[in-house]
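Asks: Fit chain B to the known structure of chain A by using the hints.
Chains A and B, in that order, give the protein sequences.
FYI, in my numbering the residues of the first sequence are 1 to 336.
FYI, in my numbering the residues of the second sequence are 337 to 518.
Since the hints were derived computationally from the structure, they do not count as laboratory data.
Even for Gly, the Cβ is constructed at its ideal location relative to N, Cα and C.
Among the clues, some could well be false.
As the list claims (entries may be wrong) - Across the chosen pairs, the derived CB separations fall in these ranges:
1) B:Glu340 / A:Arg59: 50 to 58 Å
2) B:Asp497 / A:Asp46: 22 to 30 Å
3) A:Asp32 / B:Pro482: 51 to 59 Å
4) B:Glu387 / A:Pro289: 57 to 65 Å
5) B:Gln418 / A:Pro304: 40 to 48 Å
As the list claims (entries may be wrong) - In the DSSO-like style, the derived pairs of lysine-lysine whose C-alpha atoms are separated by at most 27 Å in a straight line are:
6) A:Lys83 / A:Lys54
7) B:Lys415 / A:Lys54
8) B:Lys415 / A:Lys83
9) B:Lys490 / B:Lys415
10) B:Lys490 / B:Lys479
11) B:Lys479 / B:Lys356
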Amino acid sequence: MTIEAARPEAASSGPLPWHHRHLLDVDVLTRDDLELVMRTADEMRDVLARPIPKVPTLRGTSVTILFYEASTRTRVSFEVAAKNLSADVVNIAAASSSVSKGESLVDTVRTIEALGADMLVMRHSVSGAPYLAAEVFGGSVLNGGDGWHAHPSQALLDLYTLRGALPGGSLEGLKVVILGDALHSRVARSNVWTLTAMGADLWLCGPSTLLRGFDAWASRGAAGRRFTVTSDVDAALRDADVVMALRIQRERMASGLLPSLREYAARYGLTRERLRRAKPDVVVMHPGPMNEGVEIAADVATDPRSVITTQVTNGVAVRMALLYLLAGARDGGSGR
Amino acid sequence: MAAEDVRRATTRISHEIVEKQAGTDGLVLIGIQRRGVPLAHRIAQAILEHEGVAVPVGALDITFYRDDLSLVAQQPIVKGTQIPFDLNGTTVVLVDDVLYTGRTIRAAMDALIDFGRPQAIRLAVLVDRGHRELPIRADHVGKNVPTSREELVKVQLEETDGEDAVEIERLAVLQALADTRP
Chain A
1 MTIEAARPEA ASSGPLPWHH RHLLDVDVLT RDDLELVMRT ADEMRDVLAR PIPKVPTLRG
61 TSVTILFYEA STRTRVSFEV AAKNLSADVV NIAAASSSVS KGESLVDTVR TIEALGADML
121 VMRHSVSGAP YLAAEVFGGS VLNGGDGWHA HPSQALLDLY TLRGALPGGS LEGLKVVILG
181 DALHSRVARS NVWTLTAMGA DLWLCGPSTL LRGFDAWASR GAAGRRFTVT SDVDAALRDA
241 DVVMALRIQR ERMASGLLPS LREYAARYGL TRERLRRAKP DVVVMHPGPM NEGVEIAADV
301 ATDPRSVITT QVTNGVAVRM ALLYLLAGAR DGGSGR
Chain B
337 MAAEDVRRAT TRISHEIVEK QAGTDGLVLI GIQRRGVPLA HRIAQAILEH EGVAVPVGAL
397 DITFYRDDLS LVAQQPIVKG TQIPFDLNGT TVVLVDDVLY TGRTIRAAMD ALIDFGRPQA
457 IRLAVLVDRG HRELPIRADH VGKNVPTSRE ELVKVQLEET DGEDAVEIER LAVLQALADT
517 RP
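Isolated chain A, as found in the complex:
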């Protein structure tokens, strides 16, 4: 009690503070948590708009980025976000590390901690891998995408982008359609949690082979999450306020799920023609990377109603907010 003594009001103002040490999935985030991330991201966007888009907040904090899977936007935007907060960033690509000599995930994480990392951003092809890392890592773990399971920072930046793109900034009661390969999509799974938490009328649409499991989830209404699953693309797109196209994940796909990419594009690809069924001011999203001409037509991706590049820009602000909030909540925060 040395500095805050002069500012006693802070303790009683605002919603509950952030108390998550790790960010492994969005399912644990309450609506208040989501609002806090959004508000903090607003502040970070103001920082990014400054002549010098850098603040000293995480000076002395070491952030290690460990990616076992290919990535451009997630890895780079986490790195830019950490650097904008003046953290020290270490990048490890698993392919060029001791992982290729057979080191286990647990040993790799212990090594990274021994080398002084305070925060670990990781991506892994196995669902749940970040939970294992969080068990052994003494700092904060941020899931940058694990298998088919979760991609929390993407879902949060999608939410943030939508709030900026929608008049009034509210998702309450709006029809949001996720179109495409939900089966292999951690983005879809994480977005189910956040979009329904904010009150959206969520629809998942795609070939039934790529929706396996979601119908059971939707009909059970697990954890109060209710959404509609359909293979009828016309019904899904009718009067939609938001359409999010998902990438066909060829690298994860077992054979036999789709007859051919061409058939998928013909039946489910997001084209101008198909988009006419949606509301005239529909918001078009795609988490990237895009297979243009497969799940989304090139002219739709560059349409004025598309916020795909805004998603990328907002990714930095949202990830700055996440790093900031998690650093503050770190056990026995060092205060550096």
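Replies: For chain B alone, coordinates are given in the frame of chain A:
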């Protein structure tokens, strides 16, 4: 300090600021969130009344510049920085409610310098309670209040708390400790 004392102190500070600057040219006021912001607006209003000049007023949030992130973690809400004018070459008067260790002001100066290069930075506070930990002093002080570290200076302003008042309280925990002693 009662409401009337706060009003007089604010008015006096507004005169001092103009006197020191020999006018209002190049003068801008920047309040530190939260209670420095309404104070800065009050000083600007007073300057408008006696000089007929509207001095630009900004708001500065220093959350990202603190050296004690672990303390901030308990209330990580950032309240917003609005500086919709160019700081280069101006005389910035930072305004805050209480000057204590000086760490808030240190952070505020770091933050300001990221926005531009003021010709000078000055400091106006409603209450100076002593116990500096850094070589920082205020140019304009509403009231010097000698305190002990075990005390809490509680500033209330109409805009944020419904009424104007400055009170000194013993920290509750320490008070309880003192009560249990024989």
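Asks: Give a verdict on every hint.
Replies: Status of the hints after comparison with the structure:
no. : hint                            : result
1   : B:Glu340 / A:Arg59: 50 to 58 Å  : 44 Å, violated
2   : B:Asp497 / A:Asp46: 22 to 30 Å  : 26 Å, holds
3   : A:Asp32 / B:Pro482: 51 to 59 Å  : 41 Å, violated
4   : B:Glu387 / A:Pro289: 57 to 65 Å : 59 Å, holds
5   : B:Gln418 / A:Pro304: 40 to 48 Å : 30 Å, violated
6   : A:Lys83 / A:Lys54               : 8 Å, holds
7   : B:Lys415 / A:Lys54              : 18 Å, holds
8   : B:Lys415 / A:Lys83              : 22 Å, holds
9   : B:Lys490 / B:Lys415             : 20 Å, holds
10  : B:Lys490 / B:Lys479             : 13 Å, holds
11  : B:Lys479 / B:Lys356             : 18 Å, holds
Of the hints listed earlier, those the structure fails to meet are numbers 1, 3, 5, in rising order.
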